[in-house]
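Colleague: With chain R held as given, fit chain W onto it using these hints.
Each chain, letter by letter, is given below.
Number of protein chains: 2
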Amino acid sequence: MIQYPEPLAKLIESYTKLPGIGQKTATRLAFYTLSMQEDDVTNFAKSLLSAKRDLHNCSICGNITEDDPCPICRDKTRDHSQILVVEQSQDVMAMERMHEYHGLYHVLHGVISPVAGTGPEDINITSLLKRLKKDDEVKEIIIATNASSDGELTAGYLAKLIKPAGIKVTRLAHGLSVGADIDYADEMTLFKAVQGRTEM
Amino acid sequence: MIQYPEPLAKLIESYTKLPGIGQKTATRLAFYTLSMQEDDVTNFAKSLLSAKRDLHNCSICGNITEDDPCPICRDKTRDHSQILVVEQSQDVMAMERMHEYHGLYHVLHGVISPVAGTGPEDINITSLLKRLKKDDEVKEIIIATNASSDGELTAGYLAKLIKPAGIKVTRLAHGLSVGADIDYADEMTLFKAVQGRTEM
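Residue numbers (the UniProt record's numbering), protein chains in the order written: chain R, 1 to 200; chain W, 1 to 200.
It should be emphasised that the hints constitute simulated quantities derived from the structure, not laboratory data.
A couple of the hints might just be wrong.
Simulated pairs of lysine-lysine, PhoX-like, Cα-Cα distance not exceeding 25 Å [as the list claims (entries may be wrong)]:
hint: 1; chain 1: W; residue 1: Lys134; chain 2: R; residue 2: Lys24
hint: 2; chain 1: W; residue 1: Lys46; chain 2: R; residue 2: Lys46
hint: 3; chain 1: W; residue 1: Lys17; chain 2: R; residue 2: Lys24
hint: 4; chain 1: R; residue 1: Lys10; chain 2: W; residue 2: Lys134
hint: 5; chain 1: R; residue 1: Lys24; chain 2: W; residue 2: Lys46
Pulled from the structure, derived: some chain R residues nowhere near chain W, Cβ distances all over 12 Å [stated by the list, open to error]:
hint: 6; residue: Leu18
hint: 7; residue: Ala45
hint: 8; residue: Arg53
hint: 9; residue: Ser81
Even for Gly, the Cβ is constructed at its ideal location relative to N, Cα and C.
Just chain R, with the same shape it has in the complex (with noise of 0.2 Å):
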């Protein structure tokens, strides 16, 4: 039988290796990189290579920066009071799309998880305590995890390790989604909502 040429073969495989892309679906993507335009195909080659070597965890908020410290840290007119606390680097592009949002970041990386066997230190959570020790500017931590059960217990663990220093420890809040029907929502959500509510 007659096996695809090398370099498709591994082409093919390469992108087999990307999350939910499996053996059809890359031998498509494949074949259509052969139809692409050759800058666009150079294009991609780099911008892989470059965002492999170029890019790194701020040495302060752990987010994905080119310099370090990343432009969020270094920026002054932010206030430096508040430190918003997220499970990943594209959790604070959502914040960022809010505009509402102007203290600093902390980055985790990951969330406490009994389950898949991953404990605070794990995590980064050791600079965000350095962090605090450091700089007695911080008045507020704003735990922004998600609201799963990992997620809360990581939110838990947290307050309960930074509160005693004396700092305002904070949650977002959860409830319905604006927009959101109430005979949709889950349980929990509207259990939430309830708990949650706020006088008019």
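Modeller: Below, chain W alone, put in the same frame as chain R:
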């Protein structure tokens, strides 16, 4: 608002150029790339460049190949009296996986499509006719374009063109898939199955 660091933004842009990959998936893939082994990323970049640089269409059959002519056209043990005509290189691999066809191939790189404005001169037909003129070893052309309306149109066009030269032209059988239920088959497939019924 903070933007993604440039190397990451460029990588996301490259991923969005692939078919079926939007902004969200591209972002997910780009972040995943950052977490990949350095070697895997380097190999990915290399295979992109190599696939684009080292692969060409065989000057005889049009199939994708590293060497020209391709291994199938060069293979003296294959039956050079049969040419199976397909729409795209992927179809050659599908036929080869069957292990039962030992003739040659011809890849059209498309079909005649009045809707898309693709005429006979836009696909790899001229080189097929040249092949037939030069090589009187060919006894049969098996047309294996898809069973779509464009595929049927192309098949009809080729048959009309080749038959006068005294070469046998055949078409792959259409009918029920092996293992298919009759009550789930569409009308056209059932019609083709009845039309092409064989004596037992």
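Colleague: Of all the hints numbered above, which does this structure not satisfy? Sort the numbers upward.
Modeller: Per hint list: 1, 4, 6, 7 and 8 violated.
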